[in-house]
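K.L.:
Fit chain B to the known structure of chain A by using the hints.
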Amino acid sequence: MISPEARRDPWVAGGVVLLALLTLGAVLLYRSGPQSVAEARSRSWVAVRPDAFGPRVGRAEERLGAAASSLQAGDTAAAMSAYASAAEAATAARDHAETDAQRGAATELWARAVLDRAALMLRAADTPWWRRDNDPLLQEALTEVERVVATPTAPATRVRAGEMAEALRRKLRPGPLEWLPR
Amino acid sequence: MAPALTPARRAVAAALLFLGSATLAGAHLLDGGVRYRTGGVVEGIFALLLTYVLLLRGVWTRPAGALGWVAVVYGTAANAQLLEFLLPPPGIIEWLVVAVLALTAWSALAAGSRVRLVASLASLALLLAVLRFSVIPVLRDRIGPAPGEAFGLGNAAESVRGLFAERERFRPAGELLGVLALGLWAAGTRLLWTPGGPVPAGARGVDADPPQGYTYGPFGNGVSDAPGQAGG
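Chains as they are written, first to last, in the numbering used here: chain A, 1 to 182; chain B, 1 to 232.
Just so you know, the hints here were simulated from the structure itself, not pulled from any lab data. Using N, Cα and C, we set each Cβ at its ideal position, and we do this for glycine too. Misleading hints may appear alongside valid ones.
[As the list claims (entries may be wrong)] Selected chain B positions facing chain A (in silico; Cβ < 8 Å):
no. : residue
1   : Thr-6
2   : Arg-9
3   : Val-12
4   : Leu-16
5   : Gly-26
6   : Gly-33
7   : Val-34
8   : Thr-38
9   : Gly-40
10  : Gly-44
11  : Leu-48
12  : Gly-65
13  : Leu-67
14  : Pro-137
[Said to hold, decoys possible] Between beta-carbon pairs, the in silico distance windows are:
no. : chain 1 : residue 1 : chain 2 : residue 2 : range
15  : A       : Ser-3     : B       : Leu-124   : 55 to 63 Å
16  : B       : Leu-126   : A       : Ser-69    : 31 to 39 Å
17  : A       : Pro-10    : B       : Ala-66    : 37 to 45 Å
18  : A       : Asp-75    : B       : Asp-141   : 16 to 24 Å
19  : A       : Ala-20    : B       : Val-34    : 22 to 30 Å
20  : B       : Gly-154   : A       : Arg-158   : 34 to 42 Å
21  : B       : Thr-6     : A       : Tyr-30    : 26 to 34 Å
22  : B       : Val-115   : A       : Pro-4     : 29 to 37 Å
23  : A       : Ala-124   : B       : Glu-166   : 23 to 31 Å
24  : B       : Val-115   : A       : Ala-20    : 57 to 65 Å
[As the list claims (entries may be wrong)] Derived contacts from chain B toward chain A, CB cut-off under 10 Å, selection only:
no. : residue
25  : Ala-11
26  : Val-70
27  : Tyr-74
28  : Arg-142
For reference, chain A alone in the conformation it holds in the complex (with noise of 0.2 Å):
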């Protein structure tokens, strides 16, 4: 047992409570295996704050930031699964938005990781002509983009989506037929 005095002592009781709650970080900390500091760091920051927009909002670009660091390190897997953790982060965000330019902005973030995110998809499912493209795959695509079409998005965002919508169709179409003009 602790012994009175220890109990007492108010350098014994506080490191007792830093040591709890360091204990509680270092398990947070590789359970969920953060690859970087700012990765932690906004992390951290939505479960400190789990119902607040700015967060929300900055986990979805840091995660943006850390798919594109992976993309240029040539680690397209990470790089998709970076994507589908700033869209989750952005559709949260909107969830939490107070004002239509923070649900705007919010969905931008969403449509942007959306998109980039099936640009990859479609390059990964893109075989040689002899060989049959992998179509779960571009049929996945295809259903995350047309819930961007279907959403009110700027202009810019919207004539993207439009035109990945339509390069999604195209390739899946069977054999030849994708290159032929519909």
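P.N.:
Okay, now just chain B, sitting in the frame of chain A:
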């Protein structure tokens, strides 16, 4: 004025340092990203054995009360994490190293004093570090063609190399983090290290260096040169 280090304060401070050591030692900054590793069964068993030896030889003195045990538990976790950092990556080399360590563990038990035990542990850490951070990476780079080279022979060579040691290249910052973890472990150990001297009346016998003329048998049982003296 700095507050006096009572046994309870010592225990809490040591636990905090061991927690820092364990956390840093498990975060491996590799070339391909950060991996968060926790010691497995092998590291856990070695950590328990090491804790037993450290307590037995008085390198760690468990402060009285529950807080003393808290420090020991965190110290054991730090031992496991440091072994995870220092032992070679999975493969034949790790099995060989673990087998040699297990066979030579008796020599650690037979160390005459805690000073010698700490010195032999430091040498062991150095040898493991050389193996993991110098020998294995150099051999992996030099032996056989790289993956994707030599018309597929490189891929075959890589699978053979993987049999000996999994590919794990630490970034310089990752190695620095490991050194920091070792430093925190040493600081925690220093807090649990009671100033030497013979066993004071009423204290546990393992907490002090043995008296003059005292030697250990091969299994750590005390044999004294002086007639009529024995201990362990």
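K.L.:
A separate judgement is required for each hint: does it hold in the structure or not?
P.N.:
Checked hints:
1. Thr-6: holds (7 Å)
2. Arg-9: Given a least distance of 5 Å, the restraint on B/Arg-9 holds.
3. Val-12: holds (4 Å)
4. Leu-16: holds (6 Å)
5. Gly-26: Since chain A brings a Cβ to about 7 Å from B/Gly-26, closer than 8 Å, the hint holds.
6. Gly-33: Check passed: Cβ of B/Gly-33 comes within 5 Å of chain A, closer than 8 Å.
7. Val-34: holds (5 Å)
8. Thr-38: holds (7 Å)
9. Gly-40: violated (14 Å)
10. Gly-44: B/Gly-44 check fails; min Cβ-Cβ to chain A is 16 Å, beyond 8 Å.
11. Leu-48: violated (20 Å)
12. Gly-65: Cβ of B/Gly-65 sits 6 Å from chain A, so the hint holds.
13. Leu-67: Status holds, d = 6 Å.
14. Pro-137: Violated: closest Cβ of chain A sits about 21 Å from B/Pro-137, beyond 8 Å.
15. A/Ser-3 <-> B/Leu-124: 55 to 63 Å: Once the Cβ atoms are compared, 37 Å apart, the range 55 to 63 Å for B/Leu-124 and A/Ser-3 is violated.
16. B/Leu-126 <-> A/Ser-69: 31 to 39 Å: Check passed, 36 Å falls within 31 to 39 Å.
17. A/Pro-10 <-> B/Ala-66: 37 to 45 Å: Hint violated: Cβ distance 18 Å, outside 37 to 45 Å.
18. A/Asp-75 <-> B/Asp-141: 16 to 24 Å: Given range 16 to 24 Å: holds, Cβ gap about 22 Å.
19. A/Ala-20 <-> B/Val-34: 22 to 30 Å: Holds - the Cβ-Cβ distance for A/Ala-20 and B/Val-34, about 25 Å, lies within 22 to 30 Å.
20. B/Gly-154 <-> A/Arg-158: 34 to 42 Å: violated (48 Å)
21. B/Thr-6 <-> A/Tyr-30: 26 to 34 Å: holds (32 Å)
22. B/Val-115 <-> A/Pro-4: 29 to 37 Å: holds (36 Å)
23. A/Ala-124 <-> B/Glu-166: 23 to 31 Å: At 27 Å between Cβs, range holds.
24. B/Val-115 <-> A/Ala-20: 57 to 65 Å: violated (34 Å)
25. Ala-11: This hint holds: B/Ala-11 lies near chain A, its Cβ roughly 8 Å from the closest one there, short of 10 Å.
26. Val-70: holds (8 Å)
27. Tyr-74: holds (8 Å)
28. Arg-142: violated (25 Å)
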